[in-house]
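**Student:** Chain residues, written in single-letter form:
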Amino acid sequence: MQIYLPIAEISIDVFLLFLMGGGVGFLSGIFGVGGGFLMTPLLIFIGIPPAVAVATQSNNIIASSVSGVLAHMQRGNVDFLMGGILTLGGFLGSFLGVLLFKLLRELGQIDLVINLSYVILLGTLGILMSVEGIRAVTKQSRPGGPRKKLHEHHWFHGLPLRMRFRKSRLYISALLPFGIGAMIGVLSAIMGVGGGFVLVPAMIYVLGMPTAVVIGTSLFQVIFVAINITILQSIETQTVDVVLAMILLLGSVIGAQIGTRAGAGLRAEWLRLLLGLLVLSVCIKLFLDLLIPPADIYSLEVLG
Amino acid sequence: MRKFKPLTSALAVVFSVVLTLSFARPALAVLEADLTNNLVAIKADFFGDSITLFGTIPDEGDVIVVVRGPSTDFKMHRKSNVGGIWINTSSMVFEDVPSFYAIASSAPLDDITNSAIRALNGIGVDYIGLDLPSTKASGPVAEAWKQGLLRNLTDLETYQLQHGKIRFLGDSLFRTEFSLPSNVPIGSYDVTIYHLQAGRVVDARTVPLSVAKVGLEAEIYDFAYNQSAYYGVVAVIIALIAGWLGHIVFRR
Chain L
1 MQIYLPIAEI
11 SIDVFLLFLM
21 GGGVGFLSGI
31 FGVGGGFLMT
41 PLLIFIGIPP
51 AVAVATQSNN
61 IIASSVSGVL
71 AHMQRGNVDF
81 LMGGILTLGG
91 FLGSFLGVLL
101 FKLLRELGQI
111 DLVINLSYVI
121 LLGTLGILMS
131 VEGIRAVTKQ
141 SRPGGPRKKL
151 HEHHWFHGLP
161 LRMRFRKSRL
171 YISALLPFGI
181 GAMIGVLSAI
191 MGVGGGFVLV
201 PAMIYVLGMP
211 TAVVIGTSLF
221 QVIFVAINIT
231 ILQSIETQTV
241 DVVLAMILLL
251 GSVIGAQIGT
261 RAGAGLRAEW
271 LRLLLGLLVL
281 SVCIKLFLDL
291 LIPPADIYSL
301 EVLG
Chain Y
1 MRKFKPLTSA
11 LAVVFSVVLT
21 LSFARPALAV
31 LEADLTNNLV
41 AIKADFFGDS
51 ITLFGTIPDE
61 GDVIVVVRGP
71 STDFKMHRKS
81 NVGGIWINTS
91 SMVFEDVPSF
101 YAIASSAPLD
111 DITNSAIRAL
121 NGIGVDYIGL
131 DLPSTKASGP
141 VAEAWKQGLL
151 RNLTDLETYQ
161 LQHGKIRFLG
171 DSLFRTEFSL
181 PSNVPIGSYD
191 VTIYHLQAGR
201 VVDARTVPLS
211 VAKVGLEAEI
221 YDFAYNQSAY
231 YGVVAVIIAL
241 IAGWLGHIVF
251 RR
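Here the protein sequences line up with chains L and Y, keeping their order. Letter by letter, the first sequence follows residues 1 to 304 of the numbering used here. Letter by letter, the second sequence follows residues 1 to 252 of the numbering used here.
Treat the hints with care, since some could be wrong.
The list that follows gives simulated cross-link-like pairs (lysine-lysine, DSSO-like), each with its CA atoms no further than 30 Å apart [stated by the list, open to error]: (1) L:K139 x L:K167; (2) L:K285 x L:K167; (3) Y:K43 x Y:K165; (4) Y:K79 x Y:K43; (5) Y:K75 x Y:K136; (6) Y:K75 x L:K102; (7) Y:K146 x Y:K79; (8) Y:K146 x Y:K75; (9) L:K102 x Y:K136; (10) Y:K165 x Y:K136; (11) Y:K43 x Y:K213; (12) L:K285 x Y:K75; (13) L:K102 x Y:K79; (14) Y:K213 x Y:K75; (15) Y:K213 x Y:K165; (16) Y:K79 x Y:K136; (17) L:K102 x Y:K146; (18) L:K285 x Y:K79.
Covered stretches of chain Y, as calculated for chain L (at least 3 residues, CB under 8 Å) [unchecked claim]: (19) 41 to 55; (20) 77 to 85; (21) 115 to 122; (22) 150 to 164; (23) 173 to 186; (24) 213 to 222; (25) 227 to 236.
Restraint-style ranges between C-beta atoms, simulated for each label pair [what the hints assert, rightly or not]: (26) Y:Y127 x L:I297: 18 to 28 Å; (27) Y:G139 x L:I297: 55 to 65 Å; (28) Y:N81 x L:W270: 39 to 49 Å; (29) L:G84 x Y:D190: 55 to 65 Å; (30) Y:L169 x L:L288: 49 to 59 Å; (31) L:R162 x Y:N81: 42 to 52 Å.
Hints in this document: simulated from the structure, not taken from any laboratory. This structure is a prediction, so every number in the text was calculated from the model and none was measured. Built from N, CA and C at the ideal position, the CB exists for glycine as well.
The whole structure should be built from the sequences, with the hints applied where relevant.
**Tutor:** Encoded structure:
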């Protein structure tokens, strides 16, 4: 069944959109990532104008994240203090990111910067997580061995403004999550994603948070970043398509619930490995796009 | 001045009577044409449409029909390989060109008219302002940009370079059809019918066509553009409620 999308101005099969929302929602429920880094390329691939795809999926992410956070809250897996500080940093970062975005667009290289930052970021993260995941998984199968420390301590954990994060069992400087939140904010504004896929590994490897708390807390922060982006895009570019968002919402909310359940049954090590492989495969796809000669070197952008 | 006025109005009356009489005479019948539907309404179930045009010509000759969408600007990018990766290295803006273009004719264009006549009337994509001014690009470079734009627009089906057929249902009655894709640009279109004899345009008529969103689709669009901030807030609230509902439904 085809439906005409009022802002995207094309008609698309409803069931296809529903399935895409469900699939991405499922992954976001398992891994605690918003799924923007998957949804945006998918939407563009089926013919939604890129600007509409970026803005609309941020709206969609709000719903799947809310749904995911509520599920995680029930199991007590959200560190609100940590999430709040990450969010504050995120607001500062997204403001800076919007300025940077404008500057890059004036230079005419925003597409390239977006693509390259995806490749570099996803590549680095994907490799790190997969290697770590494989190591953890193989270690798990051997019983015994020395008990692992709760987390590694580095110099940056001891910066000023130390705070106690009970849920995360951490006593570290508040500047650290604030700084990470800010960096994610910059990335979100430039790359048009919630940033969960960068945030999750940063929380595990840099902050040293327990994996169980990471996912709920990351979703908590992603909600606010996505709200920020949705409203900014509505005002600045009028590219949020509510009809498209609602169909994706329906799919992703259901998918996220199933995903959260499926994720709870999986071991943390396996989660890391699977997320690592997922991130890596998106990276390889984007990298090939840069290398393979385009079908037509001339491409069109409508100015209206 | 004042005393001449009765005279000029009297002259005007006589003149218009003569005009009316001359049009009423059957021997001077004119080209007539209209669309079966002058409004293409875009609703939620819209996925393209076709428009049908009927018309008559007073005596023999050929007919060309051109559909032009509202004018717009197109920005093109050109990629080149820099150190192994393909990036946009230059861009070009085509100003004020039709957002939609389709053409139909009763015989191959080259058989019924020459390029000078086509240029004069803007018939065919070579004569609708796609040639870049020499200040921007010239020669083969300009031609490459133009062909690039045409390829992209043809892929979108908003430019239909395959000429449609005009079929005669008798000596004077003709009929043709155009298809509008689901991504058809919104706005006021001109459908122009040219009557040709011996390669020259002897008569022409333009029929308006409107492509517009109606109902809920139109309201959402207007809301998004006229009250953007509220629209954003409403979108966020819908998403929050949907997320919460999803949680409630699945808790059981």
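**Student:** Could you work out which of the previously given hints the structure breaks and list their numbers from low to high?
**Tutor:** 2, 4, 10, 21, 27
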